[in-house]
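Protein sequences, first through last, are from chains A and B. This note's numbering puts the first residue of the first sequence at 1, with every later residue one more than the last. This note's numbering puts the first residue of the second sequence at 371, with every later residue one more than the last.
Treat the hints with care, since some could be wrong.
Per the computed footprint, the stretches of chain A lying under chain B, defined by three or more beta-carbons under 8 Å from a beta-carbon of chain B, are [claimed, not checked]: (1) 196-205; (2) 208-219; (3) 353-361.
Simulated crosslink set (DSSO-like; lysine-lysine; CA at most 27 Å straight-line) [said to hold, decoys possible]: (4) Lys478(B) to Lys5(A); (5) Lys668(B) to Lys5(A); (6) Lys653(B) to Lys668(B); (7) Lys478(B) to Lys494(B); (8) Lys5(A) to Lys653(B); (9) Lys548(B) to Lys653(B).
One-sided excerpt, in silico: chain A residues whose CB lies under 7 Å from chain B [claimed, not checked]: (10) Arg2; (11) Glu3; (12) Ala128.
Just so you know, these hints were derived from the structure itself, not from any lab. For every residue, glycine included, the Cβ atom is placed at its ideal position computed from N, Cα and C.
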Amino acid sequence: MREIKALYLANAREFMREPMATFLVLLLPVVLAAFFGLIFSGSGGVTLELGVVNEDAGPAGEQFLANLESSLADEEEEVLDLHTGTRAEMVQALKKGDLSVVILLPQDLTDSLASEEPAAVEVFYDPARSISGGVGLGMVRALLSEANATISGSPPPLVMVEKSVQTSPLRPIDLHVPNLLGIALFWLGLFGTAMPLVQQREGQVLRRLSVTPLTTGALLVAQVAWRVTVGLLQAALFLLVGYLGFGVTVTGDWTNWLLLLAAVTMGALVFISLAYFLAGLAASTEGVMAIVQIVNFPMMFLSGSLFEVEILPDFLRPVVAAMPLTYLSDALRQIISGAPPLHPLWLDFGVLGGWLVVLFVLAARFWRWE
Amino acid sequence: MNRTSITVNDLYKQYGDTVAVDGVSFDVAAGEIFGLLGPNGAGKTTTVESILGLRQPDRGSITLLGMAHATQARQIKARIGAQLQTTGLYPRLTVRELVELFAHLFPKARPTDEVIELVGLQEKARTPSKDLSGGQRQRLAVALALINDPDLIFLDEPTTGLDPQARRGLWDVVRELKLTGKTVLLTTHYMEEAEQLCDRVAVMDHGRIIALDRPEALINQHFQETAIEFVSVGDLPRQRLTELPGVTQALFENGHPTLYSTDVPRTMAGLFDLVTAGTLAFKDMIIRQATLEDVFLKVTGRRIRA
Chain A
1 MREIKALYLA
11 NAREFMREPM
21 ATFLVLLLPV
31 VLAAFFGLIF
41 SGSGGVTLEL
51 GVVNEDAGPA
61 GEQFLANLES
71 SLADEEEEVL
81 DLHTGTRAEM
91 VQALKKGDLS
101 VVILLPQDLT
111 DSLASEEPAA
121 VEVFYDPARS
131 ISGGVGLGMV
141 RALLSEANAT
151 ISGSPPPLVM
161 VEKSVQTSPL
171 RPIDLHVPNL
181 LGIALFWLGL
191 FGTAMPLVQQ
201 REGQVLRRLS
211 VTPLTTGALL
221 VAQVAWRVTV
231 GLLQAALFLL
241 VGYLGFGVTV
251 TGDWTNWLLL
261 LAAVTMGALV
271 FISLAYFLAG
281 LAASTEGVMA
291 IVQIVNFPMM
301 FLSGSLFEVE
311 ILPDFLRPVV
321 AAMPLTYLSD
331 ALRQIISGAP
341 PLHPLWLDFG
351 VLGGWLVVLF
361 VLAARFWRWE
Chain B
371 MNRTSITVND
381 LYKQYGDTVA
391 VDGVSFDVAA
401 GEIFGLLGPN
411 GAGKTTTVES
421 ILGLRQPDRG
431 SITLLGMAHA
441 TQARQIKARI
451 GAQLQTTGLY
461 PRLTVRELVE
471 LFAHLFPKAR
481 PTDEVIELVG
491 LQEKARTPSK
501 DLSGGQRQRL
511 AVALALINDP
521 DLIFLDEPTT
531 GLDPQARRGL
541 WDVVRELKLT
551 GKTVLLTTHY
561 MEEAEQLCDR
571 VAVMDHGRII
581 ALDRPEALIN
591 QHFQETAIEF
601 VSVGDLPRQR
611 LTELPGVTQA
621 LFENGHPTLY
631 STDVPRTMAG
641 LFDLVTAGTL
651 AFKDMIIRQA
661 TLEDVFLKVT
671 GRRIRA
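Just chain A, with the same shape it has in the complex (with noise of 0.2 Å):
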């Protein structure tokens, strides 16, 4: 017990007096917390910004703007916001890609509903620019047939009532503190432990360690017991953060602060065991360094922390659904802001606990102290 303590401490303060390894597992993911916060503290919905060229001869053009001005200031949230020019500027100003779609009306536009022949009204929008080039088309769509049913005078015969599932309305960055929790424990895996395990294996401190009568399981404990402690610190850093900055707080009465303590413990653990495989596979600090960001990076984009994993393409899907951190990150959204659940809790924690049974056994298994 006596030496589990004096390497617990000692690991402490090797890990707290290397500011490199402080700032990425510690401040950083904190510092992120924030700024998504601060950045997506609005509707956190995407506003479209939509240009019309009237050059319809009549009066009919105007009257579309002066409905479609007024339909959008009826709207709670800002989805669109109206440009008008001429068709030089507003093309110059989508190629630019200051505008994400560009309406024309035709010249000739009153004149075809006077005589009930149908007017082509010219949509413009960029390929390249494929997420709110897509969604300006569904818009305009849906914006020309309200037109459409308005002129032919008959009442819609379909209306369509708003209603959202949630009880209590979650904002963005009630999702990114337990999202940015999770990459936090999982890089406290990869930055804070693979790396510094394998510094010391190559600085030869295992190698010393080795010819005292430390046992190796007194060893680990100390190690991983030091790295679990981060992860809590980690926690309760967010959680401060996201209450003290956007007043973000654990849903739920006490026994969500032990589920909480249990999805934190058990990541930290499934990430510190990955570490350890990792640092058993890399022979030096180049190949650790490498290794570590060929597992960073599928991670942190396809287990949904940064992004919702509905926008992937299919064939990534089983990569998805394979991946530790999406788990994780589903519980610690479910525990921490109530968030609708992508699985049940139990369904996370049990792959959590099937990835810790298979990641400690490679581990084990790939170890190596010199």
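Following the hints, position chain B against chain A.
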């Protein structure tokens, strides 16, 4: 003195095609200071690290304090102290923190400050290990080897990289260990160190022990002669040098002759005759007693620090 601390029997270790240790056997008695002397690559470190249990030898048996690594590794480790050739330490911990850490890894330990003082690092007690000089690191490594008050101490090239003053300081530490009845196994490639400190020396080359005895016995056994060394300028009349009066043996190494003479005045007279005759020119002459260096040179034909 008749108890045996270390028994090494027919130790053999191979790395790939290179044989690092080729059938080494020796015993170290309790209370003895035993030296492994040899050039870099002679197999000293591999021998020590095998004895410490850091390397698995391909063949041979090792007994430490009557115990074997296979069955009593922890008991052995509690009673030995080791300064490895390269000692890895937590770089950001201070000298005192490191000594305290190691004190906690053993069932019993000497007082931290006592050990720090013993190696003369009081001034550096609050310095992180990464900011120590090479010599200071070495002394810290020795302090860590002594923290558990071990019965058996391993020092692998303890004075390499130390300045002469620090080296003498470390010799004092080793002599004190001997006074308190400790057993020390040390490796070195400094002849003088082996002669000064060791009760017995095993001279190693190419993974084998080529001579093993007390230092003065080794010298006496090989030499009753005085060594005459000089640097020749121009052609070397090898045959003539060998035939000089009083010369029992002449060794040539890179045009650098060493003559072993039982009669220095007559040999010198013969040398000057050669100079007068114009067959020899030389500079930088040294006349000295034979040392372990000469033993090594005689047995292997090479200098220990080539």
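query: Are at least 3 residues of the stretch 196-205 of chain A within less than 8 Å of chain B when you compare beta carbons?
result: holds (count 4)
- request: Tell me if chain B covers the stretch 208-219 of chain A under the three-residue, 8 Å CB rule, please?
  value: holds (count 8)
task: Would you mind confirming whether the straight-line C-alpha gap from lysine 653(B) to lysine 668(B) stays at or under 27 Å?
output: holds (23 Å)
- prompt: Are the Cα atoms of lysine 668(B) and lysine 5(A) separated by 27 Å or less?
  reply: violated (55 Å)
Hint check, alanine 128(A) versus chain B [nearest Cβ-Cβ separation less than 7 Å]: Violated: closest Cβ of chain B sits about 50 Å from alanine 128(A), beyond 7 Å.
message: Holds or violated: lysine 478(B) and lysine 5(A), Cα atoms, limit 27 Å.
response: Given pair lysine 478(B), lysine 5(A) holds - Cα atoms ~16 Å apart, limit 27 Å.
message: Tell me if the straight-line CA distance from lysine 548(B) to lysine 653(B) falls inside 27 Å.
response: With Cα atoms ~43 Å apart, lysine 548(B) and lysine 653(B) exceed 27 Å; violated.
message: lysine 478(B) and lysine 494(B) were given as a pair; does the straight-line alpha-carbon distance stay at or below 27 Å?
response: Holds, because 24 Å separates the two Cα atoms, which is no more than 27 Å.
message: Just to be careful: measuring from the Cβ of glutamate 3(A) to every Cβ in chain B, is the smallest value less than 7 Å?
response: Since the shortest Cβ distance to chain B is 5 Å, the answer is holds.
message: Holds or violated: lysine 5(A) and lysine 653(B), Cα atoms, limit 27 Å.
response: violated (64 Å)
query: Should the interface hint for arginine 2(A) be scored as holding, given a Cβ-Cβ cut-off of 7 Å against chain B?
result: Holds - the Cβ of arginine 2(A) comes within 7 Å of chain B, reaching about 5 Å at its closest.
Residues of the stretch 353-361 of chain A with Cβ under 8 Å from chain B, three needed, outcome: violated (count 0)
In summary, the numbered hints that this structure violates are 3, 5, 8, 9 and 12.
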